[in-house]
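There are 2 protein chains.
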Amino acid sequence: MTTNDFGGVYCAAATPFTQDRSPDHAAFAQHCHALIEEGCDGIALLGTTGEANSLGLKERQELLERVIEAGIAPSRLMPGTAQTSVADTVALTRHAVEAGVKAVVLLPPFYYKCVSDEGLFRAYADIIDQVTDDRLRVILYHIPQISGVAISQALITRLQAAYPGIVIGIKDSSGDLDNMRRTIAECPDCAVMAGADPLMLPLLQSGGAGCITASSNLVAADLRIVFDKWNDPTHQAEVESAQARINAWRELTNAYVQLPTVKTMLARRRGLDSWTRVRPPFIELSDEERASVLTRMEQLEHEDKA
Amino acid sequence: MTTNDFGGVYCAAATPFTQDRSPDHAAFAQHCHALIEEGCDGIALLGTTGEANSLGLKERQELLERVIEAGIAPSRLMPGTAQTSVADTVALTRHAVEAGVKAVVLLPPFYYKCVSDEGLFRAYADIIDQVTDDRLRVILYHIPQISGVAISQALITRLQAAYPGIVIGIKDSSGDLDNMRRTIAECPDCAVMAGADPLMLPLLQSGGAGCITASSNLVAADLRIVFDKWNDPTHQAEVESAQARINAWRELTNAYVQLPTVKTMLARRRGLDSWTRVRPPFIELSDEERASVLTRMEQLEHEDKA
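Chains as they are written, first to last, in the UniProt record's numbering: chain A, 1 to 306; chain B, 1 to 306.
Fair warning: there could be bad hints in the mix.
[Stated by the list, open to error] Now the in silico label distances, taken between C-beta atoms and shown as ranges:
| # | chain 1 | residue 1 | chain 2 | residue 2 | range |
| --- | --- | --- | --- | --- | --- |
| 1 | A | Gly271 | B | Gly175 | 43 to 53 angstroms |
| 2 | B | Glu238 | A | Lys113 | 36 to 46 angstroms |
| 3 | B | Arg135 | A | Ser22 | 23 to 33 angstroms |
| 4 | B | Tyr163 | A | Asp176 | 35 to 45 angstroms |
| 5 | B | Gly175 | A | Ala150 | 20 to 30 angstroms |
| 6 | B | Arg66 | A | Lys113 | 28 to 38 angstroms |
| 7 | A | Pro188 | B | Ser75 | 55 to 65 angstroms |
| 8 | B | Glu298 | A | Gly100 | 54 to 64 angstroms |
| 9 | A | Gly175 | B | Gln153 | 26 to 36 angstroms |
| 10 | B | Arg66 | A | Asp20 | 30 to 40 angstroms |
| 11 | B | Ala125 | A | Arg270 | 21 to 31 angstroms |
| 12 | A | Asp273 | B | Pro164 | 26 to 36 angstroms |
| 13 | B | Tyr163 | A | Lys229 | 53 to 63 angstroms |
| 14 | A | Lys113 | B | Asp134 | 33 to 43 angstroms |
Read the hints as simulated data drawn from the structure, not as lab findings.
On a predicted model such as this, the values are computed, not experimentally measured, just so you know.
Just so you know, even glycine gets a beta-carbon here, dropped at the ideal spot from N, CA and C.
Modelling step: build the complete structure from the supplied sequences, incorporating the hints.
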């Protein structure tokens, strides 16, 4: 377990779009309220699943402002605020900190590849120094299969030494449990959050701090059970069946391209077409894919009730 | 040869920084004037070599405005104007078109990976449709080893069919001559520009349209010779020795990480420290690396004169 108290169940929330593909603020607020009711500690909006990198800088700021206006406490929010440049990342991060968010989730600068840890350290240091706000809390974001830029344990250690109490955790979406365990072992002050739902239970058993995941858009209640009861021997069967349900749902989200599949499932769950829409470079599921996903979703709902 | 008349020697210009790492506008304008004197048809500023993705949106716009104010004709400028989102790409592109640039160089949306050609088509189509300006000319940018997102011949064909006279060429920085030849064969209306200097002569011999390269910051005069005389049998020896000099200089730029190496060499060439500075995630060359590069640079200058 980390020496800082950060942890819990966080949803990497998807972003619904209206017919003209603007963010549907009403549908998003409704979703965030529902996620908290379903058991999420908070919402990691504007991440990979949130299509943040398909939104403009102003749209990103507006999405955060509007969801706070709709009554979601900023202390429950952890937006992604990274851009490729320090300058724009500072602007988004400062805006989020001033809005009172719990933390920001920060990708490394992700355009250039094969860069050094020294270069990544300087980028994060520049961002933190230029935001100059004691309220800033940073969750690093390790998702090398998409960003193309890995965050090493050496880099985490160096950042936490330079910015204690500010750099507090990492979202590890590599899907590599061994890497998460190495981080827990080598970076005891770093809260390690699983980016992939099937790893929630094994990660907690290894000393991890919780999750920030895409499937939690759909299975928040089961993640809540796993998080709250994993360490209680009297609830072992309940925890294991919750994790099994999580895994089954997660498997379905990977039937086709994950993002439009999750959003197709959300459209059914929340009863709103805004959820089916994606921005390029993503495309919606085909009618056949959609039908297949919804049929399987019905089966899963039936099994969950059984 | 392509059916459109776009082509020539374009420099993927580096960006100098002052001591506080702001763009050094005076040094940049001086460099652009020198490049044109040295033989460049124009400047592809704000690309990968220009550290565009380490500059904020406002800084990118200001760099373009200031170099035009300093007397570089906008008709010689081809800025990179892509961001990960359509919204910000449209803003940068519209700004550049209104400034009168010759063309813009457009990366595909580069955050998400494994996306479909359909999704990439929609992203480019949205950008072009939303800019809604007949003066727009687009050079696609294929650099999969950095962007992680390739531009296929099928995508080029589809974009050129949908936007004839607007999508006019591609900067192919893959280093893969076979891929460039496939583009020339399959996309006869597409001007294929080499992104790697050693391929200038073989690409021109294959029907390519010229180059947009990093080494042209240093060897523009030799690229001019190759471009102007490659097809004239009476100048074969001159062309081949120009290409050999280009290759030797290019080899030196790859002695260490390319970008800080090119900038170290530019600092000597232009006599200004602003060129040595880079923004994170890049770091400057070490003193030893710098000394080694400058020694070899002196040798190359001596050989060039011999």
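These are the hints, each one checked on the structure:
no. : hint                                      : in the structure
1   : Gly271(A) - Gly175(B): 43 to 53 angstroms : holds (50 angstroms)
2   : Glu238(B) - Lys113(A): 36 to 46 angstroms : holds (37 angstroms)
3   : Arg135(B) - Ser22(A): 23 to 33 angstroms  : holds (27 angstroms)
4   : Tyr163(B) - Asp176(A): 35 to 45 angstroms : holds (42 angstroms)
5   : Gly175(B) - Ala150(A): 20 to 30 angstroms : holds (23 angstroms)
6   : Arg66(B) - Lys113(A): 28 to 38 angstroms  : holds (29 angstroms)
7   : Pro188(A) - Ser75(B): 55 to 65 angstroms  : holds (59 angstroms)
8   : Glu298(B) - Gly100(A): 54 to 64 angstroms : holds (57 angstroms)
9   : Gly175(A) - Gln153(B): 26 to 36 angstroms : holds (33 angstroms)
10  : Arg66(B) - Asp20(A): 30 to 40 angstroms   : holds (35 angstroms)
11  : Ala125(B) - Arg270(A): 21 to 31 angstroms : holds (29 angstroms)
12  : Asp273(A) - Pro164(B): 26 to 36 angstroms : holds (35 angstroms)
13  : Tyr163(B) - Lys229(A): 53 to 63 angstroms : holds (57 angstroms)
14  : Lys113(A) - Asp134(B): 33 to 43 angstroms : holds (36 angstroms)
The structure meets every hint from the earlier list without exception.
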